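Chemist: So the protein sequences, as listed, match chains W and X.
Be aware that the first sequence starts at 20, since it is given in the numbering used here, and climbs by one per residue.
Be aware that the second sequence starts at 883, since it is given in the numbering used here, and climbs by one per residue.
Because the hints were derived from the structure by calculation, they are not lab data.
Just so it is clear, the structure is predicted and the values come from calculations on it, not from any experiment.
Any given hint could turn out to be false.
To be verified - Residues from chain X that keep clear of chain W, each with C-beta distances beyond 10 Å, as calculated:
| id | residue |
| --- | --- |
| 1 | G966 |
| 2 | K1110 |
| 3 | E1154 |
| 4 | K1201 |
Stated by the list, open to error - Okay, the calculated bits of chain X under chain W, using three or more residues with CB under 8 Å as the criterion:
| id | segment |
| --- | --- |
| 5 | 973-985 |
| 6 | 996-1003 |
| 7 | 1020-1033 |
| 8 | 1046-1055 |
| 9 | 1140-1148 |
| 10 | 1188-1197 |
As the list claims (entries may be wrong) - Not the full set, but computed from the structure, chain W residues with beta-carbon under 8 Å of chain X:
| id | residue |
| --- | --- |
| 11 | P203 |
| 12 | H207 |
| 13 | F209 |
| 14 | G215 |
| 15 | L221 |
| 16 | D238 |
| 17 | S243 |
| 18 | L248 |
| 19 | Y249 |
| 20 | M250 |
| 21 | S251 |
| 22 | G288 |
| 23 | D311 |
| 24 | G374 |
Every residue gets a Cβ at the ideal spot worked out from N, C-alpha and C, and that includes glycine.
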Amino acid sequence: MTTEILMPALSPTMEEGTLAKWLVKEGDTVSAGDILAEIETDKATMEFEAVDEGTISRILVSEGSEGIKVNSPIAILADDGENISDLEVSDIPNEKQTLADTKNSKPKVETSTIESISEPEWTDATKVSQKTVREALRDAMAEEMRRDEKVFLMGEEVAEYQGAYKVSQGLLEEFGSKRVIDTPITEHGFAGIATGASFAGLRPIVEFMTFNFAMQAIDQIVNSAAKTLYMSGGQMGAPMVFRGPNGAAARVGAQHSQDYTSWYAHIPGLKVAVPYSASDAKGLLKSAIRDDNPVIFLENEILYGRSFDMPDIEDYIVPFGKARIWRIGTDVTIISFGIGMQYALKAAEELAAQGIEAEVLDLRTIRPIDYEKIIQSVSKTNRCITVEEGFPVASIGNHLSAYIMEHAFDYLDAPIINCTGKDVPMPYAANLEKLALVTTEEVVSAAKKVCYR
Amino acid sequence: MGSRKGSKKTNVNAQELLSFYKDMLLIRRFEEKAGQLYGMGLIGGFCHLYIGQEAVVVGLEASAEDGDKRITSYRDHGHMLACGMDPNGVMAELTGRAGGYSKGKGGSMHMFSKEKNFFGGHGIVGAQVPLGAGLAFADKYLENNRVTFTYFGDGAANQGQVYETFNMASLWKLPVIFVIENNQYAMGTSQLRSTSTPDIYTRGAGFDIPGEAVDGMDVLSVKSAGDKAVKHCRDGKGPYILEIKTYRYRGHSMSDPAKYRTREEVQKMREERDAIENIRSILLTGKHASEEDLKSIDKEIKKIVNESAEFAKASPEPKLDELYTDIYA
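Start from the sequences, fold in the hints, and give me the full structure.
Modeler: Quick look at the structure:
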């Protein structure tokens, strides 16, 4: 009897990885627990152990192969004593083919080449390259740390581990342990220490491993960082950035899957950025680090590995408070931000196929918010829906609806619909989790509803 | 130098003794005036008086050098006066006027002075402790050999973030002095009812932070402990804990009738341990000053305090457009 050894999923969001190294060869006998191979994901290199005992009868994927899909066979394990030549190999993909396939699927991401209409710095002549959001964030921090000695990064696993999600990869090496600082697991304490350091003129970047853990620190963020400028009559404030992944990752349950955009958007004194694309992640983070105010910078784990066009512009900055129009349309305005944009853009494509031209606005920052562009767009399309992954009550969509109603009531031909996550703690089961998040179908259906189609 | 029972021998000359007397008296009279203005409805909200605890901040300020930083809780008037902030600006902030340190937008609990390195004025119990360590973090980062005095009370000493901060301050050898002003009551709860180990200074041991208890009713003991702690920090040895045993004569805030302790307890403290009376007696018995000298100081202080009250009443309320300023830099 033979068993296929499959490419393992080593993190909740892993879809593919690199087979960095085989630690066994064909013909080796292994027992459960023996290390078979080193698998590299975009976050880490991990050892992969045997579950059963037997003989490695065939290795299907050679060392160094990239883009191996989770659950695809990487080796064949035969029961001890079995003759390798007896094996039925017809189902096994041959190695060359596997490699070729994975190469083709390498930039597996939707490459976001939709016209960047509101990016004044981009022209047709601007050279672009593909960058992941993860690389963009790292580059932004590195550039700003080179520019200003007072900028430093602090958080759990940011230095020696290279970042829990590898966002800070290489920073310790370049900037040293004075400026890239591993903290103990004490969010409340280190958020307070960083805020105090900012009062004294440093420019801290605080990485929360995820924003779920920032709830431990929210008193320091809201009461100390956000309010001190006002309470001191303008004498001192907190020029700093709190950043990290926000919102649902995948299959990590209720306590690790929450979108905090509307929580922080509620607070005067904070700025809130929620980038979707890599170029916005970079340009907004650079703006955030230079900003003299506390900035909440909400990233998304699912987006970290996605590639987007990155303009070849030196010192690329995206100002706060300017929405980006990803698609021009006349029939309905879809407003979103962060990972909500993936549903908005997919829905817009499906709608176009059905003859509805949606205009898609990426707010990029929620504080400040680009009300001007919102009103302009809604005044043109006369219909609007909003898309976000957060809970429905007191959502960003609720706020936008109220604002549009107050300022563009006469332009509206239909009530605004807010597409949001469901009003439930995030379930673990895969099917329920999918149901709990906002879906492209819901966005399409809402758009059709406001178009009375 | 004359010395009353309990005073440690310190290198303090007559000039310094007089300045301690003056500084403590200024806080006492200022706070009494603030209490009066509160009673007249000129000061609103919360108002936490420092009366009884004057020796703590005056003693420690005597150990500080230019550029050293300080941060405290909402019981902050004394700290501001002791570090040289203008009584007019403090009192006008209490009355919520444009002439206040925060243009009237902070109030009793939220005042700051960049010039004097006073970093507030914080209303959430214990929150100033990591903030203070953060100030020290900046000093260490900038390599400027400054020290931060981070004040908090026996109540705050039970907050979790204090211990998170102890851990990091020790781990990173931050030049911060944790000053626990143990005035025996966390609002209405006596320390014995709220604190499992009454000697709070020993709690640094688990983090390898040295600590000591200090008689907070004796400004000379405080000064001497302050010197030691400052030297420890400036020598790069990391944080230091001073638990200063003190006593507040008034309620937790103006609205506190203080039913949780007896009138006799307060009276006994005032009569036997008062820090200002203590230093006054040292000055007189040691013939560092005459009754006349002290009377003239009293008069001078009274004048400063009265002027601050007049300024605070005369200063206009903030302009209405101040509502929307200083939210973003």
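Chemist: Using 8 Å as the Cβ threshold, decide whether W:Y249 counts as touching chain X.
Modeler: Check passed: Cβ of W:Y249 comes within 5 Å of chain X, closer than 8 Å.
Chemist: Mind taking a look at whether chain W covers the segment 973-985 of chain X? Criterion is 3 or more residues with CB to CB distance under 8 Å.
Modeler: holds (count 4)
Chemist: Against chain W, does X:K1110 hold up as non-interface, every C-beta pair farther apart than 10 Å?
Modeler: 24 Å, holds
Chemist: Do three or more residues of the segment 1020-1033 of chain X come closer than 8 Å to chain W, measuring C-beta to C-beta?
Modeler: holds (count 4)
Chemist: So, W:G374 near chain X? Judge it on the closest CB pair being under 8 Å.
Modeler: 44 Å, violated
Chemist: Taking the closest Cβ pair, is W:L248 under 8 Å from chain X?
Modeler: Check passed: Cβ of W:L248 comes within 5 Å of chain X, closer than 8 Å.
Chemist: Counting residues of the segment 996-1003 of chain X with a beta carbon closer than 8 Å to any beta carbon of chain W, are there 3 or more?
Modeler: n = 4 at 8 Å, threshold three: holds.
Chemist: When you look at the beta carbon of X:E1154, is every beta carbon of chain W farther off than 10 Å?
Modeler: X:E1154 clear of chain W: closest Cβ-Cβ about 39 Å, beyond 10 Å.
Chemist: Are there three or more residues in the segment 1140-1148 of chain X whose C-beta lies within less than 8 Å of some C-beta in chain W?
Modeler: violated (count 0)
Chemist: Grab the minimum C-beta distance from W:M250 to chain X and call the hint holds if it beats 8 Å, violated otherwise.
Modeler: Given a least distance of 4 Å, the restraint on W:M250 holds.
Chemist: Counting residues of the segment 1188-1197 of chain X that have a beta-carbon nearer than 8 Å to any beta-carbon of chain W, does the count reach 3?
Modeler: Contact hint for the segment 1188-1197 of chain X vs chain W: violated, 0 residues under 8 Å.
Chemist: Would the stated hint for W:D311 survive a check requiring a Cβ distance to chain X of less than 8 Å?
Modeler: 4 Å, holds
The structure fails hints 9, 10, 24 (numbered hints given earlier, in ascending order).
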